[in-house]
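Given only the sequences and the hints, what does the whole structure look like? Please build it.
Read top to bottom, the protein sequences are chains G and R. According to the working numbering, the residues represented by the first sequence are 52 to 103, in order. According to the working numbering, the residues represented by the second sequence are 695 to 937, in order.
For the record, the hints were derived by calculation from the structure and aren't laboratory data. It is possible that some hints are incorrect.
[Said to hold, decoys possible] Cβ-Cβ distance ranges computed for the label pairs, FRET-style:
no.	chain 1	residue 1	chain 2	residue 2	range
1	G	E55	R	L930	53 to 61 Å
2	R	V724	G	M97	33 to 41 Å
3	G	P54	R	L857	43 to 51 Å
4	R	M765	G	K87	27 to 35 Å
Think of the CB as a built atom: it goes at the ideal place given N, C-alpha and C, for glycine as much as any other residue.
Here is how the chains run, residue by residue.
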Amino acid sequence: MMPELGKYADTVLSAYAVSIVLILGLVLVSLLRAKKVKSQLQEVEMKAKGNG
Amino acid sequence: MNSIWEYANPKKFIQTTDKVLPWVSILSCVALVVGLIWGFFFTPDDYRQGSTVKIIYLHVPSALMAINAWMMMLVASLIWIVRRHHVSALAARAAAPVGMIMTVIALLTGAIWGQPMWGTWWAWDPRLTSFLILFLFYLGYIALWAAIENDDTAADLTSVLCLVGSVFAVLSRYAVNFWNQGLHQGASLSLDKEENVADVFYHPLLVCIAGFVLLFIALVLLRTRTEIRARRMRALLARERMG
Numbered sequence: 052m053m054p055e056l057g058k059y060a061d062t063v064l065s066a067y068a069v070s071i072v073l074i075l076g077l078v079l080v081s082l083l084r085a086k087k088v089k090s091q092l093q094e095v096e097m098k099a100k101g102n103g
Numbered sequence: 695m696n697s698i699w700e701y702a703n704p705k706k707f708i709q710t711t712d713k714v715l716p717w718v719s720i721l722s723c724v725a726l727v728v729g730l731i732w733g734f735f736f737t738p739d740d741y742r743q744g745s746t747v748k749i750i751y752l753h754v755p756s757a758l759m760a761i762n763a764w765m766m767m768l769v770a771s772l773i774w775i776v777r778r779h780h781v782s783a784l785a786a787r788a789a790a791p792v793g794m795i796m797t798v799i800a801l802l803t804g805a806i807w808g809q810p811m812w813g814t815w816w817a818w819d820p821r822l823t824s825f826l827i828l829f830l831f832y833l834g835y836i837a838l839w840a841a842i843e844n845d846d847t848a849a850d851l852t853s854v855l856c857l858v859g860s861v862f863a864v865l866s867r868y869a870v871n872f873w874n875q876g877l878h879q880g881a882s883l884s885l886d887k888e889e890n891v892a893d894v895f896y897h898p899l900l901v902c903i904a905g906f907v908l909l910f911i912a913l914v915l916l917r918t919r920t921e922i923r924a925r926r927m928r929a930l931l932a933r934e935r936m937g
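Next comes the structure, spelled out in structure tokens:
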């Protein structure tokens, strides 16, 4: 299934590996921060409501 | 027909993106997976570049998005300067890390490709150099937002930085046309069909570009929602401290 990349196999595979790691890292960081900020805001809003 | 300015209301923006975001995310995943698999597994080697031509499916879309992300930030910054809509300033802030990562991918994949093809990882070529400067502008923009506590002041100053950086975003795109002495080749895509890469590479490349554009939109929507919530949280905490 793997295409024949010849003498440039390392070059091609490293370009794909670096890019995929960076993209997945960005997506993961964005999702985790979104989740964290959402729950923190809910807490602060609850507290603000409680204080009237 | 709703006015576009309705989405400047943070609540309306979050309500609308609640519906839009899942679809854009799914479409971006599908386009990226299809485009990259097509390009990597089902396209032939180039007669000059060999299998390194497969790097085009990452390098060209990321470079395109690196420039266009800054252009999107420019439009959002201008809207902030003219109309003072907080969502637009926060959208520009949200787009910056995405654009920066796209710039890093373009620079790294270019260097990895350049080593066997040009015999060097790096050359002070006009396009490469303007891209490096664009990366530094992204870093400066993100640092400026983080350094200033007052959101409105940060939005004002980063908007000015964005206007200045636009010169390098445009330069990154057209550097090859301005100066002929560089190593970097001309555009791989053009409205003039004769300047395009061959169809066998062109079609999967278009799918990859669509995937990167959709990924950018999905990430900017997600991150803008986060910035809106973070801003509201800061406002509530400040009110609590005052009371």
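For each hint, the structure was consulted:
| no. | hint | result |
| --- | --- | --- |
| 1 | G:E55 to R:L930: 53 to 61 Å | 59 Å, holds |
| 2 | R:V724 to G:M97: 33 to 41 Å | 38 Å, holds |
| 3 | G:P54 to R:L857: 43 to 51 Å | 45 Å, holds |
| 4 | R:M765 to G:K87: 27 to 35 Å | 30 Å, holds |
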